[in-house]
Amino acid sequence: MEAGRALTPPGPGPSAPHTTIVRGAASLCGLLLLVLLTVDAAAETVGPPTSAPATLTFGRPGDDGIPPAPDSVGVADIPNDGGEALRVSWKAEAETGVRGYIILRAESADGPFAAIDTVDAATASFTDAAGPGHPLRNGVTYHYRVAALGELGDSESATVTGTARQSFFNTDRLNLLVLLALFFGLVLAYTRQAANHARRGGMPFVRKIAGLTAIEEAIGRATEMGRAVLYVPGIDDANNIQTIYSMIILGNVARTVARYETPLIVPVCRAFVVPLAEETVKQGYVDAGRPDAYVRNNIRYLSDEQFAFTAGVDGIMLREKPAANLFLGSFFAESLILAETGFATGAVQIAGTANIHQLPFFVVACDYTLIGEEFYAASAYLAREPKLIGVLKGTDWMKVILIALMLIGILTESAGWEGFRRWFVLR
Amino acid sequence: MLRREFPLAITCVVGLFMVIGLFVPERHFTAGRTEVESWAIIIRAFAAVLGVANIGRISYLRISRREHEWVYHVPLLIGLVGMIVLGVGGSLGSAPLFGIAEGTFFNDLYMNVYVPMQGTMFALLAFFIASAAFRAFRVRSFEAGLLALAALLVMLGRVPIGAEIWDQLPLISDWIMNIPNNAAKRAILIGAALGAIATGLKVILGLERNYLGGE
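Taken in order, these protein sequences are the chains called A and B. In terms of our numbering, the first sequence opens at residue 1 and continues consecutively. In terms of our numbering, the second sequence opens at residue 1 and continues consecutively.
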């Protein structure tokens with residue numbers, strides 16, 4: 001028996017002996033050591049020899065310093081996963097001198113059992129999840145034992161078995177699916193309705209968004225002044241939906257700019273966005289019937305680094321003095337530096353972002369700011385495409401539904417019924 | 001035709017696969033999603049070449065044509081080429097001249113030239129906040145007055161002298177930040193989130209296709 005072993009996970013060496021003979025011998029050793037310890041009254045703490053091998057030995061339950069075997073041990077499949085996790089649980093017995101628990105696993109009921117982890121005495125469950133060094137396969141039955149670590153020895157539970165099963169639907173995300181399906185349904189229904197409406201010669205109503213109306217005015221001003229329009233599509237990569245959306249708006253801006261024959265400068269912060277911006281602007285010029293006016297070198301990659309990019313854009317603003325600055329996309333700490341520099345040059349500035357923390361900076365430094373959802377309404381507003389306006393209408397109705405749900409939530413919470421709120425919690 | 005429809009089909013299939021994968025924990029689906037995400041990372045890494053090519057082309061043209069303020073592109077090109085050679089030119093020699101480890105020329109340039117310059121740019125923010133705040137807090141309308149009043153209360157409530165003036169100021173400051181400010185922020189956030197989801201749907205369904213470029 002190994003007394004006072006530290007609570008560290010045993011290494012991946014050969015599994016511990018579990019036969020009756022070994023257990024009996026270990027118990028005998030434990031008793032012998034106990035006698036020696038009792039004689040040595042001065043020794044208050046008992047430590048193993050520093051060179052003791054980190055192997056598992058087990059004493060007889062009931063001996064002094066040997067805790068009883070963990071009780072109520074069970075294994076359950078973790079639901080809503082790919083069959084890659086099992087939860088082993090037991091009744092924690094911290095008051096009986098247990099110093100911790102070792103979880104042992106085997107693919108056969110006869111072993112060999114290998115220790116896979118150690119937990120402290122207060123813990124009553126362990127999730128055995130697949131990962132590096134922890135292979136756990138879907139549909140395979142695994143056998144577990146839990147050993148209680150005592151001062152002078154360990155005692156282990158009976159073997160329990162469990163099989164990890166994969167799920168084909170994550171029921172924890174049912175709430176998300178329902179809301180998403182509702183939203184998608186609304187969007188599709190209103191898109192169809194708007195398309196039908198347009199076929200009959202009508203056009204769905206869209207409220208005036210000052211910032212979007214001002215884009216054309218700003219381009220017109222730049223044309224009158226004979227200066228360029230600067231379009232900054234944010235500093236995020238193409239995997240950010242705001243950058244994708246910024247490209248969509250850029251297409252509309254490029255069409256307008258091409259019609260006015262005004263130069264368009266697009267500084268880009270991410271290399272991956274360069275071809276997107278080039279193609280988008282080029283298409284805008286083609287759509288406007290001015291492919292010859294497209295200047296590829298005006299799509300300028302500056303740097304992937306935030307403040308190097310900021311310095312580059314500031315340089316363009318101060319040297320080339322564009323008459324209109326459009327900041328539309330995902331911005332972070334550079335937002336105010338850009339907007340204040342643009343303000344100093346006297347340019348008309350229009351900003352739009354869904355990054356809520358940057359909105360105040362744009363609001364104070366720009367002439368117009370598209371706030372959150374207004375930014376995502378830009379393409380429908382500028383293109384006046386009925387289907388896109390239908391999407392806006394679907395989004396608005398979803399907001400109405402969410403407001404109604406929030407009001408119901410306030411009432412149910414006030415009435416002390418938490419079930420309604422709990423249904424919306426994402427796990 | 002194919003140049004437009006083929007990317008649209010790929011976008012639709014991959015987009016739907018990723019959305020469905022959010023609800024299906026089945027192993028193959030999960031592995032597929034991870035694989036697609038890995039592809040995206042690899043493709044993005046290749047895009048660095050496009051960036052370098054863009055800078056190189058524009059700078060070369062500006063210098064060769066002696067365009068307006070072309071001289072700034074000379075140090076830009078020297079820095080670009082120099083850092084690439086020093087950083088990845090391991091086969092040309094060993095540290096400290098080549099390589100990116102601590103103590104190399106590359107690392108020294110990065111830490112002692114680039115990082116301080118980056119810090120300088122960031123530090124400008126402090127001055128810009130002051131100038132922007134000065135303009136924002138000019139009381140020209142009722143709304144601007146409300147903004148200035150709220151800002152004054154929040155600022156006073158968050159500095160030690162505020163509590164000295166009136167011990168309720170920190171509470172008022174917290175109330176403004178936690179109740180009306182939070183309510184407005186969440187409303188904007190919900191609208192923006194719905195807009196983002198709707199944009200994703202438009203891209204998947206091919207309603208938005210500007211980003212794909214030309215035919």
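Keep in mind that a hint or two might mislead.
Said to hold, decoys possible - Below, simulated DSS-like cross-link-like pairs (lysine-lysine); rule was C-alpha separation at most 30 angstroms, straight line: (1) Lys321(A) x Lys282(A); (2) Lys282(A) x Lys399(A); (3) Lys185(B) x Lys282(A); (4) Lys399(A) x Lys208(A); (5) Lys399(A) x Lys387(A); (6) Lys91(A) x Lys185(B); (7) Lys91(A) x Lys208(A); (8) Lys321(A) x Lys185(B); (9) Lys387(A) x Lys208(A).
Claimed, not checked - Just some of the chain A residues that point at chain B, by a computed CB distance under 10 angstroms: (10) Leu180; (11) Glu224; (12) Gly251; (13) Tyr376.
Simulated from the structure, these hints should not be mistaken for lab results. Even glycine gets a Cβ: it sits at the ideal position worked out from N, Cα and C.
Hints, one by one, checked against the model:
For the hint pairing lysine 321(A) with lysine 282(A), the CA-to-CA distance comes to about 23 angstroms; that is within 30 angstroms, so the pair holds. At roughly 36 angstroms between alpha-carbon atoms, lysine 282(A) and lysine 399(A) are farther apart than 30 angstroms, so this suggested pair is violated. Annotation: proposed proximity of lysine 185(B) to lysine 282(A) is violated, straight-line Cα distance about 37 angstroms (limit 30 angstroms). Using a Cα cut-off of 30 angstroms, the hinted pair lysine 399(A) and lysine 208(A) holds, with the two alpha carbons roughly 19 angstroms apart.
At most 30 angstroms may separate the alpha-carbon atoms for a hinted pair to count; lysine 399(A) and lysine 387(A) meet this at roughly 19 angstroms. A distance of roughly 45 angstroms separates the Cα atoms of lysine 91(A) and lysine 185(B); the hinted pair therefore is violated under the 30 angstroms criterion. With a C-alpha separation of about 64 angstroms, the suggested pair lysine 91(A) and lysine 208(A) falls outside the 30 angstroms cut-off, and the hint is violated. Simply put, lysine 321(A) and lysine 185(B) have alpha-carbon atoms about 34 angstroms apart, too far for the 30 angstroms limit, and the pair is violated.
Between the alpha carbons of lysine 387(A) and lysine 208(A) the distance comes to roughly 18 angstroms, so the proposed pair stays at or under 30 angstroms and holds. Because the beta carbon of leucine 180(A) sits about 8 angstroms from the nearest beta carbon in chain B, less than 10 angstroms, this interface hint is met. For glutamate 224(A), the interface hint is violated, the least distance from its beta-carbon to any beta-carbon of chain B being 22 angstroms, above 10 angstroms. Proximity of glycine 251(A) to chain B holds as hinted, the smallest CB-CB distance being about 3 angstroms (cut-off 10 angstroms).
With a least beta-carbon distance of about 3 angstroms to chain B, the hint placing tyrosine 376(A) at the interface is held under the 10 angstroms criterion.
The structure shown violates the earlier hints numbered 2, 3, 6, 7, 8, 11.
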